[in-house]
Amino acid sequence: MVLSGVGSALREERLRRQFTLKDVSNVTRISARYLEAIENDRPQDLPGTVYTRGFVRQYARFLDLPAEELLSRLPSVNIEDAVLPVPPPKEFRPFWNPRWAPPAMGLSVPTVILAAMGAAWFCFDLTPTVVAAAKAAISAARNQPQARNQQPAAPAEPAAIPTPTLQTGTEPGAPAQVESGPGLAAVTPAPVTPAEVAPAAAIPEPTAPGNSPPGSVQVLLRANADAWVQVMADGKKAFTGMLHRNDSREISGQQLVRVMTGNAGGLEISLNGRVLDPIGPVGQVRTVRLTADGLLPDLKTPAPATDPL
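The numbers in the sequence shown follow numbering that gives the first Met the number 0, run straight up by one, and end at 308.
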């Protein structure tokens, strides 16, 4: 059998597209040595005309070459007249007694035949979609930068520096002696004359709790029961969330602090250190406004006037 230049055409197209024999073999499931035999026009290294035509067809489809045109250069094969080599008969020795085989074992032979036919169809009849997806994956893998595979070296740990050991003198006020390390001479520190201590600056005493700066609004919320709370300080949201029993939250404002709660009876409010009266019963939704002067009255919409009778 003569390949009539089919192999050289396939090799030139493969090199032009920058594919390796391994790339073609991974997609077409054809052994790399068979692909090399086709490219180098070595029909003696191929299994036979039938298989060679199938290899050339899949190779051409992978490279987007006209497969039928290349196959026309190869000898045609009549399947009915083809003589396949018959292996010598071997003595069959079953390793189990056929009487032990369950009835379901009879299905294994057709199943194996169908699986073999499906595998042969996959190997010798690749669809264009599968070939295109495989080629795209090969190209993407080839174009990935190699720098991603390089891991940055771990920074070297700094060498440990020996710390000199201080030995305290036996007498009070005696200068401490420094134990010399390797390569270091023993150093005796000179006596230090205590400098005159300047009088400490006057530190202002902290403001007692409840004595807030004039004009400010200091609000302390303490939960006697679980209560949802939202606090606005001077028009800005200061806190939103759930206060559980014995939780507290302090909010500061300059002019106005607005407190909204879903459990008025479970919330205790202190304004500038002074505890206010309860703002409502348990479970009531209530909103109050607080200033430095105290609790502002609620804003209520006046009821519409009724017509006199």
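Hints listed in this document are in silico derivations from the structure and should not be mistaken for laboratory results. Everything numeric in this text was worked out from a predicted model, so none of it was measured. A hint or two may mislead.
Said to hold, decoys possible - DEER-style ranges, computed between Cβ atoms:
1) MET259 with ALA135: 56 to 64 Å
2) THR239 with ALA135: 49 to 57 Å
3) MET241 with LEU295: 53 to 61 Å
4) ARG248 with GLY282: 50 to 58 Å
5) GLY240 with ALA135: 48 to 56 Å
6) ASN25 with THR239: 56 to 64 Å
7) PRO74 with LEU14: 57 to 65 Å
For every residue, glycine included, the Cβ atom is placed at its ideal position computed from N, Cα and C.
Evaluated hints:
no. : hint                           : verdict
1   : MET259 with ALA135: 56 to 64 Å : holds, 60 Å
2   : THR239 with ALA135: 49 to 57 Å : holds, 52 Å
3   : MET241 with LEU295: 53 to 61 Å : violated, 26 Å
4   : ARG248 with GLY282: 50 to 58 Å : violated, 20 Å
5   : GLY240 with ALA135: 48 to 56 Å : holds, 52 Å
6   : ASN25 with THR239: 56 to 64 Å  : holds, 59 Å
7   : PRO74 with LEU14: 57 to 65 Å   : violated, 26 Å
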